[in-house]
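Protein chains in written order, with my numbering: chain A, 1 to 207; chain B, 1 to 207; chain C, 1 to 207.
Source of the hints: derived by calculation from the structure; they are not laboratory data. Here the structure is a predicted model, which means the values were calculated and not measured. One should not assume that every hint holds.
As the list claims (entries may be wrong) - Here are the simulated DSSO-like pairs of lysine-lysine, each with C-alpha atoms no more than 30 Å apart in a straight line: (1) 28/B to 28/A; (2) 28/C to 28/A; (3) 85/C to 28/C; (4) 28/B to 28/C.
Said to hold, decoys possible - Derived CB-CB ranges, DEER-like: (5) 165/C to 195/B: 49 to 59 Å; (6) 63/A to 62/C: 49 to 59 Å; (7) 90/A to 2/C: 27 to 37 Å.
Virtual Cβ for every residue (Gly too), placed ideally from N, Cα, C.
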Amino acid sequence: LDRLLYALSLLGVIVSACSGALTAGRRKLDWLGVLAIATATAIGGGTLRDVLLGRYPIFWIRDPNYIVASLAAAVGTLLVTRFGKPPRMALLIADALGLAFFTISGAQVTESLHSPALVVVLMGAITGAAGGVLRDVLSGETPLLFREGELYGTAAIAGAGIYLLAEQLGWPTSRAGLLGMAAIAIIRFAAILWRIRLPIFHIADED
Amino acid sequence: LDRLLYALSLLGVIVSACSGALTAGRRKLDWLGVLAIATATAIGGGTLRDVLLGRYPIFWIRDPNYIVASLAAAVGTLLVTRFGKPPRMALLIADALGLAFFTISGAQVTESLHSPALVVVLMGAITGAAGGVLRDVLSGETPLLFREGELYGTAAIAGAGIYLLAEQLGWPTSRAGLLGMAAIAIIRFAAILWRIRLPIFHIADED
Amino acid sequence: LDRLLYALSLLGVIVSACSGALTAGRRKLDWLGVLAIATATAIGGGTLRDVLLGRYPIFWIRDPNYIVASLAAAVGTLLVTRFGKPPRMALLIADALGLAFFTISGAQVTESLHSPALVVVLMGAITGAAGGVLRDVLSGETPLLFREGELYGTAAIAGAGIYLLAEQLGWPTSRAGLLGMAAIAIIRFAAILWRIRLPIFHIADED
């Protein structure tokens with residue numbers, strides 16, 4: 001199981017690095033800049049989690065394989081997009097899986113420190129979503145997080161909540177985790193495929 | 001006194017959450033996104049303070065009441081704005097009080113670690129202002145901090161400085177703290193009501 | 001040597017504070033806001049380095065001279081630009097030197113914690129570049145980092161890599177450090193003077 005989790009976490013890093021490289025590619029950056037933004041996207045969420053929890057050394061200093069994986073993924077993205085259009089739908093699916101894995105793994109790490117439920121959900125969502133926010137801020141774009149209809153942060157919060165709920169109902173951690181990941185991926189897929197949206201909260205400006 | 005301080009800190013969190021919810025509401029986010037940005041606004045400043053000082057566990061992991069309070073405030077804001085316009089002036093006043101409390105409490109925590117005066121002032125201002133910066137960055141707006149005529153960061157720095165000065169002059173900590181908070185609130189009120197401004201520093205662009 | 005390094009690090013802080021003050025000055029902020037952004041620019045990179053490495057107390061809490069130096073530099077910039085145009089080329093040169101020093105010093109601190117090579121390069125680049133990113137985000141500008149043709153982050157990564165390579169080849173740390181700094185400064189100068197650029201990586205948008 002530990003090996004599976006490690007493989008999944010490397011997969012999450014790889015997928016996030018691809019999405020970071022593609023976002024940076026749309027902003028006309030030089031290729032070393034693309035590598036840097038891809039890496040920031042891939043390790044940003046876990047880094048924020050470790051810093052907020054005071055877990056030192058943070059995960060990619062303890063195990064630089066995460067950086068190697070994200071650099072390799074970014075270089076791969078550079079090469080693939082040289083010879084053809086990036087597979088947009090594949091990327092969206094991969095991005096949803098990355099969000100799913102990072103969120104649940106962030107929640108599990110926080111849980112292992114005996115934090116209260118609310119903190120676990122919040123920290124899971126932060127772990128899942130922070131990499132994408134960092135990617136957008138460094139690329140000079142407004143963050144996609146919580147944007148109209150995207151259900152990005154929403155999916156992370158809901159999935160972490162479902163994971164905790166399942167655990168409270170007596171499910172084993174591993175199954176509850178898979179359920180939470182599935183929930184996150186499904187919510188994102190639904191948002192992408194059928195344009196399902198949460199109600200928008202809108203205040204008319206007074207001035 | 002400790003209970004009063006705790007109540008004030010929860011009040012600061014509540015007020016900041018309302019301001020975060022209203023800002024997010026102007027950006028057409030879904031309601032879970034509004035909750036998330038409200039929470040980030042409410043706990044952002046204190047989180048940055050704890051991380052910079054290495055105070056682990058950070059305050060909202062130690063006491064999740066802060067998250068409960070900010071979520072409740074955000075839900076309340078969602079409900080109130082459903083049935084009427086938000087009370088703009090009340091919000092500005094509340095926001096000024098939140099800045100006042102966060103800044104002085106940040107300064108006091110830093111002081112308790114025997115940091116030098118400059119660090120105390122700086123950390124107070126960071127605690128007070130970082131939540132609002134996070135709110136603006138996550139909402140995709142340019143940060144209001146230090147913006148023309150707002151006197152936002154300025155009020156925080158001045159108030160923390162006045163607090164330290166009063167202490168140096170022999171005032172007890174509690175009274176010096178109240179003086180500092182009053183100074184911050186008054187400077188912000190003055191900036192809002194009478195449009196009092198600091199001189200703008202402007203460099204003409206050469207190109 | 002230790003004194004030289006300390007002097008260089010104060011110089012780096014001063015130069016970064018000037019660049020922060022000038023950037024803020026273009027955004028019509030009040031003068032206390034200019035001081036704050038100048039300080040954030042000057043200490044941002046080293047702060048992020050210390051937080052990511054868990055080195056507490058962080059450098060400017062341990063030694064507030066860094067804050068004094070950056071405030072003095074910002075006040076100096078305010079006064080000088082009052083009486084004349086800022087010396088643009090001098091500033092660009094100084095900025096390149098600041099990037100060079102921060103990057104190599106960040107790499108050296110990370111190295112002293114027995115981190116693997118990739119982490120050392122990455123942390124060096126983060127230390128060098130984060131202050132400028134913070135400056136741009138706080139000023140409401142899109143970050144210059146990795147921007148088309150600037151070779152900013154690129155220079156930092158290349159210089160930290162060259163520093164490590166020289167060490168691997170048996171050079172003493174001090175000389176390898178000077179070589180790395182020289183490489184960073186030269187790459188930036190080349191980018192500015194002769195508009196040398198890395199290939200741009202650009203993906204045509206599908207939609």
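Going down the list of hints, with the structure as the test:
With a C-alpha separation of about 29 Å, the suggested pair residue 28/B and residue 28/A falls inside the 30 Å cut-off, and the hint holds. Of the pairs offered as hints, the one joining residue 28/C and residue 28/A holds, with about 29 Å between alpha carbons and a cut-off of 30 Å not exceeded. With a C-alpha separation of about 16 Å, the suggested pair residue 85/C and residue 28/C falls inside the 30 Å cut-off, and the hint holds. Taking the CA atoms of residue 28/B and residue 28/C, the gap is near 29 Å; set against the 30 Å cutoff, the hint holds.
For residue 165/C paired with residue 195/B, a C-beta distance near 58 Å keeps the hint of 49 to 59 Å intact. Judged by the Cβ atoms, the range 49 to 59 Å given for residue 63/A and residue 62/C is violated: they are separated by roughly 29 Å. Hint check: residue 90/A to residue 2/C, Cβ distance near 53 Å, so the stated range 27 to 37 Å is violated.
Hint compliance for this structure: hints 6, 7 are not met, and every other hint is.
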